[in-house]
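Student: Given next are the chains, with one letter for each unit.
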Amino acid sequence: MSAHDHRPWSDELAAYALGALEPHEAAAVEGHLVDCARCRAELARLAPAVERLPASVAPADPPRELRRRIMDAVEADAAGAPETSPPRRPPALRRRERPAWRSRPALGLALAATLALGFLGGAALRGGDGAPQRTTVRAQALTPAPVRAALVGGDGSWRLEVARLPPLPAGRVYEAWIRSARGLAPSTLFVLSRDGRARVPLPDGLRAGEEVLVTREPAGGSATPSSPPLLRVRA
Amino acid sequence: MGTVSDMLEWPARRRDAHRLADEDLMLLLRDRDARALAVLYDRHGGPAYSLAYRIVGDRQVAEDVTQEAFVSVWRTGSTYRAARGSVRSWILAIVRNRAIDALRRAAARVPLGYDDDRAMEAEPSADETDRDALRRDDARTVRGALNDLPRDQAQVIGLAYFGGFTHSEIAGLLGLPLGTIKGRMRLGLEKLRDSMDDVIA
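Protein sequences, first through last, are from chains X and F.
One point on numbering: in our numbering, the residue at position 212 of the first sequence is 212, and numbering is uninterrupted.
One point on numbering: in our numbering, the residue at position 5 of the second sequence is 5, and numbering is uninterrupted.
Hints were generated in silico from the structure; no laboratory data involved.
Bear in mind that the values here come from a model prediction, so they are computed numbers and not experimental data.
Be aware that one or more of the hints could be misleading.
Which stretches of chain X does chain F cover? Using the computed rule of at least three CB atoms under 8 Å from a CB of chain F, they are [claimed, not checked]:
1. 29–43
2. 63–71
3. 211–224
Facing chain X, from chain F, some residues (calculated, C-beta under 8 Å) [unchecked claim]:
4. His18
5. Leu20
6. Ser50
7. Arg75
8. Tyr161
9. Thr166
10. Lys182
11. Leu192
Heads up, the beta-carbon is just placed ideally off N, CA and C, and yes, glycines get one too.
Isolated chain F, as found in the complex (with noise of 0.2 Å):
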């Protein structure tokens, strides 16, 4: 009882979950087919693992936000809405909620020294391999946007999209104006978007 293919009504539906689109897997896992989470771990895991490894830089809780995360998408899946974006966006949302959230938990205890570096810089991992060349080149193609990005507009997003702060505490950190930080955090995102734009075409 409670198995995965205890729940399964439809053996052919448990044969061909690696051949579905995501979006089907959604409609899956409506049904409470725990195999469809298993196959959106095995497609979305090592993105989520390695988000929530860059927000809160210990591999432990790195572990615990990527579990929190998909049992959240195993209890949540009935409320995602195709229309507002692909799957693997709404997961890794969730990670970057459940990851900022540890953050919080953790600040609340250890009052120590922030890098702000470390905020922005998608440093280069000893555990990176060749494995996932396609994952690779995305990073590659997203992290030369960042790049080209003038670095006071790297900084901001860095600060606000992984380091979880708040455009004031931001404005704080830096000693500018808050209408300094929106402003750059616009720029930034324009220019981002339009970079993208141009790889697309």
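Just chain X, same shape as in the assembly (with noise of 0.2 Å):
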């Protein structure tokens, strides 16, 4: 493809590794980001610029009792007891009103926030799924334990829904993978919430026809599945 081909998407990257798409728009670019080394690279080169952009926000001073806030909401997270300080209801902002807004790629920083944050997710696994516009694909236990998962999507835009995976051991990660003509591709790694669910996103984006499996792996991930996989669910 000639360099000349390549500029919208070179416009798209950057926008996309400011955190600036549409959840659409950023489907279609990780779509394309799984067959184009070139722009992988690219990315991963504006990625940098991105990460420092913290570094130019003037230094605040957090309250000192802060530290023990947090470490006493962590240390009853612990305990499995519920969060001792729960952040207060935030104080009207200086802000403009803004459109409506969605879940947004988390920084599409070289796909590096692949991570589930599944105990954000409230609404997994509803029976009949009330969006009219989405696909629901209920995937395949392949375990004796009493899974419910399902793909959730459309658009190119997927996201599988767990709910009854049984718990992890410690050190021990939830990894999607993405099982392609190609061979089998490592997606996105997760844990479960409290009440046993997860919502993952599959930002490396799905064909039809393909299917995404979950295993259980050490903590980082593993390029290679290294245990049987649970569940299996084709787009």
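Both chains come to you apart, so use the hints to assemble them.
Tutor: Take a look at the structure:
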């Protein structure tokens, strides 16, 4: 592909790296990245510039008691108790009203933000999905555990919603894989929320006929699966 | 039960946690060692809070955002992949996302004028001290690089990164075509990257 052909992608990648694309646009970029080593390299070159932006911020000192609040919340979490000091409801901010927001790709930093914040996802797996334009494909459990999972998406943007996976032992993480004609590629690492659910973005894109698998892996993820898959679902 | 010391299996690790590299602390975090989180906060809590404050412009909200982000670091530490960037970048990306989410929640309630200069200027802060000279030097370098950018490029980068606006929202704000906005983002990021290369070289 010529340099000229690629200029639109270069512009798109910069906006993607800054987290400034709409979700469907970000999904298109991610789909392209799967096939285009050149754009992956370009994104990897832009990402450090974005990562340095926080360093331009004037230092502000957090109050001393914030450390205590955070450690209290962490220790309560470790002990399985509810957080002792949930964040206060934020007061009014000096901001203009902005249009309807959707969850957006986490900064888009070289797919760095492929973390599934499972505890964020409140509504996983409603039996009949209410949103008409979304497709839901139920996953096949490959283990005796009462796993429930489904692929939810359309328009090239998919996520895996998971409920009732077995709890992870310490030092392990769930890893989603995408099986295509080219083989098995690692996708998103995730952990479960306290209610056993997770909402797993699949930023590497998914095509018809490709399969998503989930295995249990050592923390940090694996390049190839080290355990048998727990579930399988075909897009 | 539930105190930091109760959870530690290896007293030697506790003693040495402050000497460990960030990547090694992430390994301790995977073992549910809260001490690792404390050290990560000691190292990155300042920049995390500063970034949150820069984005939300309110100290209380910035505290809440920082707390949410570090609890998230604690819970999702096992999803950190060293190959994809530094621990600090990973933490700050979480902070940025949480801060933008907080803006969104607030914006849903309070329609008010938006001062677009605030979104691109790293305003000098009254509580800047000499305590962290290294961080300030780093800040000066990056701020210098930002200041060297043509204003229109620095503006769109600031609106996107610190303001949380999408490119189409920015196009609407500035009354310019989408392609112009994205082109400025690309030119600006490329210049920032090149100026950082110069500093390293």
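Student: Of the hints given before, which are not true for this structure?
Tutor: When the structure is compared with the hints, numbers 1, 4 and 5 turn out to be violated.
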